[in-house]
Amino acid sequence: MASVTERPGGPIKGLYFITMDEAPLTHLQQVEAACRTGIQLIQLRMKLADDAVFRETARAAKEVCDEWGVRLIINDRVEVAREVGAYGVHLGKQDMSVAEARVILGEDFIIGGTANTIEDIRLHYAQSADYIGLGPYRWTSTKKNLSPILGLEGYQQIMKQMQAEHMDIPVTAIGGIGLDDIRGLRQTGLQSIAFSGLLVHSKNWPDMVSRLETELSEGLVIAGRHFHSRLFTGTGKFGSPAVMEQALLASGSELVTVALKRVDMRKKGSSLEELSGGGKDDILSHLDHPHIHLLPNTSGVRTAKEAVFAAELAREALGTSWLKLEIHPDPRWLMPDPVETLLAAEELVKKGFVVLPYIHADPVLCRRLEEVGVAAVMPLGSPIGSNKGLRTSDFLEIIIAQSKVPVVVDAGIGAPSDAARALELGADAVLVNTAIAASAQPVQMARAFRLAVESGRMAYEARLAQASVTAVASSPLTAFLDHL
Amino acid sequence: MFLKTFQQHEWTAIRRSIYNKTAADVERALARSHRDLEDFKALISPAAAPYLETMAQISHQLTLKRFGRAIQMYIPLYLSNECQNICTYCGFSYDNKIRRKTLNAGELLREVAAIRDMGYGHVLLVSGEASQTVGTDYFIKALQVVRPHFANISMEVQPLEQADYEQLIQEGLYSVLVYQETYHQEDYKLHHPKGKKSNFNHRLDTPDRLGRAGIHKMGLGVLIGLEDWRTDSFYTALHLQYLERTYWKTKYSISFPRLRPHTGGVTPQAASPDGGQAAVPEGEWTGLNPKVTMTDRELIQLICAYRLLDEEVELSLSTRESPVFRDHAIKLGITSISAGSRTNPGGYVVDPGSLEQFEIHDERSPRAIAEMIKRQGYDPVWKDWDAVLQ
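First to last, the sequence lines map onto chains H and Z. Counting from 4, one number per residue, gives the positions in the first sequence under our numbering. Counting from 106, one number per residue, gives the positions in the second sequence under our numbering.
Derived by calculation from the structure, the hints in this document are not laboratory data. One should not assume that every hint holds.
Simulated crosslink set (DSS-like; lysine-lysine; CA at most 30 Å straight-line) [said to hold, decoys possible]: (1) H:K354 with Z:K109; (2) H:K353 with Z:K246; (3) H:K407 with Z:K170; (4) H:K407 with Z:K246; (5) Z:K479 with Z:K356; (6) Z:K109 with H:K353; (7) Z:K170 with Z:K206; (8) H:K16 with Z:K109; (9) Z:K354 with Z:K436.
For reference, chain H alone in the conformation it holds in the complex (with noise of 0.2 Å):
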């Protein structure tokens, strides 16, 4: 699935900075040090300076983000916004109201305001601010007028009441976050949070900057489950139960495969370790963990009719209607059978699972999937378990290009290398088994995929060039518009 390339609200997304007084750095080095770590959206906010300081500074902060390609906001003096040609102005709640600031810089500027409650923010939406910076989360040193805090809770509220009137404006969240606040702030729907402190009381701003990027990214969803890893394992082939859990730990996995036929699924209702039977083969016992989720398989039917039924037993005995549907006749190389999953896929959509196809690389036979409604398609990279990548990756860039639902490329990802590979065409998460558990070291291996993973989406977002491009030296084909 293609990335979508503009959210509602543009511009005002991710981490937004704003510089802040009484800091180890001058203003002017806080906006430098940001630039350098990649941030998109600065705020100059300096409370304390007159207006000639501030006019100064702000002329040279510009000067900084026009440099690196970085987004100016000035905080409340619209008058220098507006001389400096920064990007937009960000009003507090005792400055001006966001209808004059607009008479004032017209359509070319962002305008933002605070707020600290849904009135405020019906009265900026009103007035068609931009965006809206919305706080505090909590108590914080920056702002002398403080307003009283909102929390998760309140921010909880808002952000649904704001749904409930549709207004459909981005917010940034703002007011002393913490790393660990941002996943809870970002199930509420934001797309921005705003820091200081935070970042310039860090010893390492990239460092900082990274590992809030990593919190606040979207991640995956499918069938409305996020996914903050997109790397997907299975459960086979480990030397023992307990050396597949360390692995799957080491992976950071959310999502594992589990083989119907390895669970005692007669057992109806039982406890996890009573359905795998105990003993040598406790698999499940060692998957219980919160941020794990099974997805059991179909490994070992041959036909849509087994399959469906398969399915049936193991929605009951697992209490998960997530299925990795796999039907593959050909005892020998494990091949698919598309015929038959596409009967099964349509059947148990039908009956209310959760689908995820195990296929060939076939671009028309992912988009009859989709047709009838999977949540994700999983082509395969190279024959199941022959370690030899991605054999089929010009087929998976048409299939990553025109699929709707996630693409999560399964089978033959031998090396962390070719998972990063899949990630950085595009993919949206690999499956990956046989070589953690095959390898020597299945721990070391699965933090390597990890890692891989990781790296392979980051560069995908990063907007990979892919070659470089010839100069052309004359216009022969254009040299006619001279003319015209």
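Start from chain H and add chain Z according to the hints.
For chain Z alone, kept in the frame of chain H given last:
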């Protein structure tokens, strides 16, 4: 439905994002082998202007790879100029006091014969919007007259319902062109104050209805001049990508009509282009002056940008453009071209003197255009479909 996707993209934010693209964004877009809408924005942005020759080279190569040296020939056949809509830019507008005409079966057949004589195996049927007299029943009759004579029939008429399209497809309809005119909702209302066309959402939904009806091909576009062409083109591309992913068995084409002089319309207004572009290039506007003008250079930029975004999409160029422009454009990404067009009902033989919808700029005959295409090493294609495939 596209409406949902559309509503997630706010006009001013998109426009700002396009105008904020930098040379670095353009270079990155050029370097990629698969480009997305973010790259498209860079390629249609002012920042891409210095890269035009590079864009043209890539566009030329990609078009050659996918389409070879073939240029499809098409020609419009106007069925009627009756219209209940007021469109500020159109000669057929309801409030324009002109003689109205709808071809009957006999007249249609005479026009068909004239077009066949020029060599065409493809035809594009065009009308205004007068659903009482020129509705689905009329179109069915028209298709029954036309079908025996053409391998491939397209239509550019008012938006219809899915069931109507299904009926027309049964009668041999291959392709439908329906242009949004502009994706700027408020301006759309200004330019279409009266008639069924004033319903923005119904028009926006038309390609979805066509897709559900299982049409072989559909054409999209905006009328360049109504609004900022870059932003409008972004929405066209967004629409295109949505459709390609949703109705994947359908083929797509894009057209780039620039506003041309016509009779009627509103009083000319001063051009208020973004970033101070040049004034209207061609004189004697009797109707609406474009709010935004697009230079020839910019049109080439847009054509190439579409090709760089999408290797498969067909790009079509009408006789609104000048001979010199068209001669050169066929190497830059265009895949189909019209020639010898008349934009009035009966314009070929029945009633050549009636009012044209818009004035054409390239008066050369189909034969002359074909010769021009051949001289450049390309092949004019007159027939590229067959009734047995329907």
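A quick look at each hint next to the structure:
1. H:K354 with Z:K109: With a Cα-Cα distance of about 27 Å, the restraint between H:K354 and Z:K109 holds, given a limit of 30 Å.
2. H:K353 with Z:K246: 42 Å, violated
3. H:K407 with Z:K170: Holds, at roughly 27 Å.
4. H:K407 with Z:K246: 40 Å, violated
5. Z:K479 with Z:K356: Satisfied, since the Cα-Cα distance of roughly 26 Å is no more than 30 Å.
6. Z:K109 with H:K353: This hinted pair holds, its Cα atoms lying about 25 Å apart.
7. Z:K170 with Z:K206: Roughly 44 Å separates the two Cα atoms, so the pair is violated.
8. H:K16 with Z:K109: Satisfied, since the Cα-Cα distance of roughly 21 Å is no more than 30 Å.
9. Z:K354 with Z:K436: 27 Å, holds
This entry does not satisfy hints 2, 4, 7, going by the numbered hints stated previously.
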